[in-house]
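J.: These protein sequence lines map, in sequence, to chains B and E.
Be aware that the first sequence starts at 1, since it is given in the working numbering, and climbs by one per residue.
Be aware that the second sequence starts at 1, since it is given in the working numbering, and climbs by one per residue.
Since the hints were derived computationally from the structure, they do not count as laboratory data.
Hints may contain errors.
[What the hints assert, rightly or not] Straight-line distance between alpha carbons at most 20 Å, and here's what the computed PhoX-like set of lysine-lysine pairs gives:
{"no.": "1", "chain 1": "B", "residue 1": "Lys-22", "chain 2": "B", "residue 2": "Lys-69"}
{"no.": "2", "chain 1": "B", "residue 1": "Lys-137", "chain 2": "B", "residue 2": "Lys-33"}
{"no.": "3", "chain 1": "E", "residue 1": "Lys-443", "chain 2": "B", "residue 2": "Lys-22"}
{"no.": "4", "chain 1": "E", "residue 1": "Lys-283", "chain 2": "B", "residue 2": "Lys-69"}
{"no.": "5", "chain 1": "B", "residue 1": "Lys-33", "chain 2": "E", "residue 2": "Lys-443"}
{"no.": "6", "chain 1": "E", "residue 1": "Lys-283", "chain 2": "E", "residue 2": "Lys-146"}
{"no.": "7", "chain 1": "B", "residue 1": "Lys-137", "chain 2": "B", "residue 2": "Lys-22"}
{"no.": "8", "chain 1": "B", "residue 1": "Lys-6", "chain 2": "B", "residue 2": "Lys-33"}
{"no.": "9", "chain 1": "B", "residue 1": "Lys-22", "chain 2": "B", "residue 2": "Lys-6"}
{"no.": "10", "chain 1": "B", "residue 1": "Lys-49", "chain 2": "B", "residue 2": "Lys-22"}
{"no.": "11", "chain 1": "B", "residue 1": "Lys-49", "chain 2": "E", "residue 2": "Lys-283"}
{"no.": "12", "chain 1": "B", "residue 1": "Lys-69", "chain 2": "B", "residue 2": "Lys-33"}
[What the hints assert, rightly or not] What follows is a set of in silico ranges between Cβ atoms, one per label pair, in the way DEER data are often shown:
{"no.": "13", "chain 1": "E", "residue 1": "Ala-79", "chain 2": "B", "residue 2": "Glu-149", "range": "31 to 37 Å"}
{"no.": "14", "chain 1": "B", "residue 1": "Arg-156", "chain 2": "E", "residue 2": "Ser-502", "range": "49 to 55 Å"}
{"no.": "15", "chain 1": "E", "residue 1": "Asp-67", "chain 2": "B", "residue 2": "Ala-157", "range": "20 to 26 Å"}
{"no.": "16", "chain 1": "E", "residue 1": "His-325", "chain 2": "B", "residue 2": "Gly-103", "range": "56 to 62 Å"}
[Stated by the list, open to error] Example chain E residues on the side facing chain B (calculated, C-beta under 10 Å, incomplete):
{"no.": "17", "residue": "Cys-117"}
{"no.": "18", "residue": "Glu-217"}
{"no.": "19", "residue": "Ala-229"}
{"no.": "20", "residue": "Ile-250"}
{"no.": "21", "residue": "Glu-281"}
{"no.": "22", "residue": "Gly-282"}
{"no.": "23", "residue": "Met-286"}
Virtual Cβ for every residue (Gly too), placed ideally from N, Cα, C.
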Amino acid sequence: MSEDTKQLQQVEAIVQQMHGRKGALLPILHAIKDALGCVPPAAVPIIAKGLNLSRAEVHGVISFYHDFKTEPGGENLVQLCRAEACQAMGARELETHVESSLGIGIGETTADGKISLEPVYCLGNCACSPSVAINQKVYARVDAARFDELIAELGRAAS
Amino acid sequence: MTKVFIPQDMVAVACGADELAAQVQQQANESGVEITLVRNGSRGLLWLEPLVEVEQGDQRVSLGQVDADDVSSLIRAIADGDLSQHPKFLGDIEQHDYFKCQQRLTFKRAGLADPVCLESYRANGGYAGLTRALAMSPQEIVDEVKESGLRGRGGAAFPTGIKWQTVLDTAGEQKYITCNADEGDSGTFADRLLMEADPYQLIEGMTIAGVAVGATEGFIYLRSEYPLAHRLLDIAIERAQNQGWLGKDIQGSGHDFQLEVRLGAGAYICGEETSMLESLEGKRGMVRSKPPLPAIEGFLASPTVVNNVLTLAAVTTVLAEGAEHYQNFGMGRSRGTMPMQLAGNIKHGGLVELAFGMSLRELVDNIGGGTASGRPVRAIQVGGPLGAYLPESQWDTPLDYESFAAIQAMLGHGGVVVFDDSVDMSLQARFAMEFCAEESCGKCTPCRIGSVRGVEVIDRIRSGTERANNLSLLHDLCDTMEYGSLCAMGGMTPFPVRSAVSHFPEDFGAENLAAGEQQVKSSAEEVTH
Ligand SMILES: Cc1cc2nc3c(=O)[nH]c(=O)nc-3n(C[C@H](O)[C@H](O)[C@H](O)COP(=O)(O)O)c2cc1C
Ligand code: SF4
Ligand code: FES
Numbered sequence: 001m002s003e004d005t006k007q008l009q010q011v012e013a014i015v016q017q018m019h020g021r022k023g024a025l026l027p028i029l030h031a032i033k034d035a036l037g038c039v040p041p042a043a044v045p046i047i048a049k050g051l052n053l054s055r056a057e058v059h060g061v062i063s064f065y066h067d068f069k070t071e072p073g074g075e076n077l078v079q080l081c082r083a084e085a086c087q088a089m090g091a092r093e094l095e096t097h098v099e100s101s102l103g104i105g106i107g108e109t110t111a112d113g114k115i116s117l118e119p120v121y122c123l124g125n126c127a128c129s130p131s132v133a134i135n136q137k138v139y140a141r142v143d144a145a146r147f148d149e150l151i152a153e154l155g156r157a158a159s
Numbered sequence: 001m002t003k004v005f006i007p008q009d010m011v012a013v014a015c016g017a018d019e020l021a022a023q024v025q026q027q028a029n030e031s032g033v034e035i036t037l038v039r040n041g042s043r044g045l046l047w048l049e050p051l052v053e054v055e056q057g058d059q060r061v062s063l064g065q066v067d068a069d070d071v072s073s074l075i076r077a078i079a080d081g082d083l084s085q086h087p088k089f090l091g092d093i094e095q096h097d098y099f100k101c102q103q104r105l106t107f108k109r110a111g112l113a114d115p116v117c118l119e120s121y122r123a124n125g126g127y128a129g130l131t132r133a134l135a136m137s138p139q140e141i142v143d144e145v146k147e148s149g150l151r152g153r154g155g156a157a158f159p160t161g162i163k164w165q166t167v168l169d170t171a172g173e174q175k176y177i178t179c180n181a182d183e184g185d186s187g188t189f190a191d192r193l194l195m196e197a198d199p200y201q202l203i204e205g206m207t208i209a210g211v212a213v214g215a216t217e218g219f220i221y222l223r224s225e226y227p228l229a230h231r232l233l234d235i236a237i238e239r240a241q242n243q244g245w246l247g248k249d250i251q252g253s254g255h256d257f258q259l260e261v262r263l264g265a266g267a268y269i270c271g272e273e274t275s276m277l278e279s280l281e282g283k284r285g286m287v288r289s290k291p292p293l294p295a296i297e298g299f300l301a302s303p304t305v306v307n308n309v310l311t312l313a314a315v316t317t318v319l320a321e322g323a324e325h326y327q328n329f330g331m332g333r334s335r336g337t338m339p340m341q342l343a344g345n346i347k348h349g350g351l352v353e354l355a356f357g358m359s360l361r362e363l364v365d366n367i368g369g370g371t372a373s374g375r376p377v378r379a380i381q382v383g384g385p386l387g388a389y390l391p392e393s394q395w396d397t398p399l400d401y402e403s404f405a406a407i408q409a410m411l412g413h414g415g416v417v418v419f420d421d422s423v424d425m426s427l428q429a430r431f432a433m434e435f436c437a438e439e440s441c442g443k444c445t446p447c448r449i450g451s452v453r454g455v456e457v458i459d460r461i462r463s464g465t466e467r468a469n470n471l472s473l474l475h476d477l478c479d480t481m482e483y484g485s486l487c488a489m490g491g492m493t494p495f496p497v498r499s500a501v502s503h504f505p506e507d508f509g510a511e512n513l514a515a516g517e518q519q520v521k522s523s524a525e526e527v528t529h
């Protein structure tokens with residue numbers, strides 16, 4: 001069985017299991033995202049059928065929310081907080097450093113597919129900012145040196 | 001028996017609490033020192049995280065900012081039964097100045113114990129409010145909430161009892177309680193801290209709301225950025241269910257209430273209540289026009305309570321201690337306590353629950369200790385990204401809804417973000433517009449397009465291109481957004497922008513500003529003549 005078929009079977013199973021819940025679409029999209037890392041376009045017709053919605057409606061919902069991507073990102077997700085409390089502690093300078101040290105801009109993935117860099121607006125760590133999340137784990141008071149250290153640890157963990 | 005408390009709170013973990021906990025356990029084992037490690041919630045003194053507490057006999061003492069280098073001396077001190085000589089020793093945390101000056105009602109239990117331990121919750125006063133409510137009529141509960149003077153802590157400060165009355169009075173086969181745990185404002189983390197430290201309090205508050213208005217189903221709409229809160233709430237809900245505090249026939253009262261956590265998906269606007277309801281229904285988070293009010297036609301067109309985490313949590317105190325006790329705190333029409341959150345460039349960042357009325361200056365200088373950088377404070381943004389930037393001349397304003405409204409500012413959800421004198425206020429104004437452009441639901445033109453124009457106009461001002469004209473254009477744009485937007489996203493983005501321009505004109509090219517204002521005035525005169 002191809003990888004794609006397997007994925008769509010997973011989608012089918014999730015929809016089957018969850019379609020009866022009130023307001024089922026978001027929980028379904030989260031479940032698909034957790035299982036597959038994204039919500040692939042081929043999932044849309046299956047979800048639409050299961051929830052009795054048009055494909056356009058399902059697509060409209062997916063595109064509205066930052067969390068739902070239609071393609072998988074890099075192996076690791078690095079999120080930089082760009083909101084005010086982090087700005088007050090140097091998030092803008094950190095952003096400049098991060099972009100030059102990873103060689104990519106916000107919203108991009110490194111050429112080797114290892115790291116995707118995404119913006120986030122507040123992680124709830126505003127008393128110990130600037131904040132960075134790596135694969136959903138939040139780090140406090142991240143300056144340029146600390147950031148490089150964290151990325152180096154990622155590299156070591158992978159090898 | 002020695003108990004060692006190391007918080008599992010997200011900030012504590014971001015400061016290394018997980019690694020620390022592992023080291024403490026390991027070194028204790030190796031040294032044959034018997035300890036019970038408890039992963040509690042945070043006490044809210046976040047700059048001291050990881051804050052370790054050690055309980056021996058009837059003594060509970062704390063150590064702040066504990067790191068790997070402190071572990072062996074910590075284990076030795078535990079073995080000796082005397083921590084007072086440890087370099088990180090702070091003593092009883094409740095005797096700490098930061099803690100003593102607070103009036104902790106909602107956060108009284110935060111950090112005391114394992115957050116999902118239902119026995120600890122009950123031993124520390126939990127479920128007293130619901131127990132009392134179960135013996136009252138729905139109208140009596142609603143009256144109690146009205147008398148307490150409690151107003152919504154999510155931002156709009158609407159009287160909670162009046163909202164509940166509407167839901168109680170509206171007929172409906174199925175009513176709902178929804179908790180707004182989207183907490184998107186920068187500088188705020190009180191909802192998170194409560195859910196991670198004392199999740200049963202939220203569950204209890206929602207159950208009281210359900211009993212009061214006749215709703216048997218509830219949803220917590222939680223932002224996806226809070227995975228720990230999600231995990232803890234799920235565990236707490238399951239345990240409450242198993243112990244008869246949720247589900248059918250709660251504690252034999254005949255009342256049913258079931259509860260579920262639903263995740264948001266990274267959209268700030270879904271914190272706006274009607275957008276949140278759309279999202280809960282599985283739709284795009286487009287803001288609805290009101291009327292109908294959610295209290296009348298909310299989730300799936302049914303009567304629905306929408307309340308913030310802190311509002312629902314406060315209800316447990318109101319019911320447990322009585323309306324009078326709660327409303328004895330505060331000033332004017334702002335009754336009870338407000339969990340303020342000190343964030344940004346602040347020396348002592350954390351949660352400060354206070355009766356309304358202290359001045360902003362006292363909060364930031366005396367409690368917060370001024371900036372983290374040691375430089376002078378220049379601007380303070382209160383109330384999240386839609387709140388005004390306050391200059392020094394306004395720092396004596398008391399923390400109270402009406403006093404803030406009087407200076408075109410708001411308390412909002414209680415976030416206080418401090419900036420030192422290195423801040424460029426034109427960049428902050430630009431960010432306000434940029435954020436609005438990024439997060440607008442897109443329903444109304446002034447918000448969707450106006451914010452994009454706003455960024456461009458501020459860029460021109462910053463680069464010195466026709467400053468005066470562009471400043472007056474910015475004023476017009478702010479007017480259009482303020483008066484032509486359906487919700488506060490577009491309607492209040494002008495607040496941070498205007499406050500930055502008017503209080504910090506030097507960051508926008510001050511000499512030219514005077515000319516700009518001249519121009520606004522003369523064009524206004526043209527209109528009136
Ligand atoms: C753009 C925008 C974002 C909001 N975000 C939140 C939020 O994250 N949490 C919240 O409780 N209220 C938020 N609100 C306020 C809600 O619309 C609503 O007033 C509140 O949830 C009602 O609960 P309360 O009466 O207990 O405060 C937001 C409002 C707007 C306009
Ligand atoms: S003001 Fe903005 S966010 Fe609010 S309804 Fe209009 S477009 Fe949507
Ligand atoms: S503003 Fe960055 S964590 Fe809140």
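J.: Each hint needs a verdict: does it hold in this structure or not?
T.: Structure-based check of all given hints:
no., hint, verdict
1, B:Lys-22 - B:Lys-69, "violated (23 Å)"
2, B:Lys-137 - B:Lys-33, "holds (18 Å)"
3, E:Lys-443 - B:Lys-22, "violated (25 Å)"
4, E:Lys-283 - B:Lys-69, "holds (16 Å)"
5, B:Lys-33 - E:Lys-443, "violated (27 Å)"
6, E:Lys-283 - E:Lys-146, "violated (33 Å)"
7, B:Lys-137 - B:Lys-22, "violated (30 Å)"
8, B:Lys-6 - B:Lys-33, "holds (15 Å)"
9, B:Lys-22 - B:Lys-6, "violated (27 Å)"
10, B:Lys-49 - B:Lys-22, "holds (16 Å)"
11, B:Lys-49 - E:Lys-283, "holds (16 Å)"
12, B:Lys-69 - B:Lys-33, "holds (8 Å)"
13, E:Ala-79 - B:Glu-149: 31 to 37 Å, "holds (33 Å)"
14, B:Arg-156 - E:Ser-502: 49 to 55 Å, "holds (51 Å)"
15, E:Asp-67 - B:Ala-157: 20 to 26 Å, "holds (21 Å)"
16, E:His-325 - B:Gly-103: 56 to 62 Å, "holds (59 Å)"
17, Cys-117, "violated (23 Å)"
18, Glu-217, "holds (8 Å)"
19, Ala-229, "holds (9 Å)"
20, Ile-250, "violated (21 Å)"
21, Glu-281, "holds (4 Å)"
22, Gly-282, "holds (3 Å)"
23, Met-286, "holds (8 Å)"
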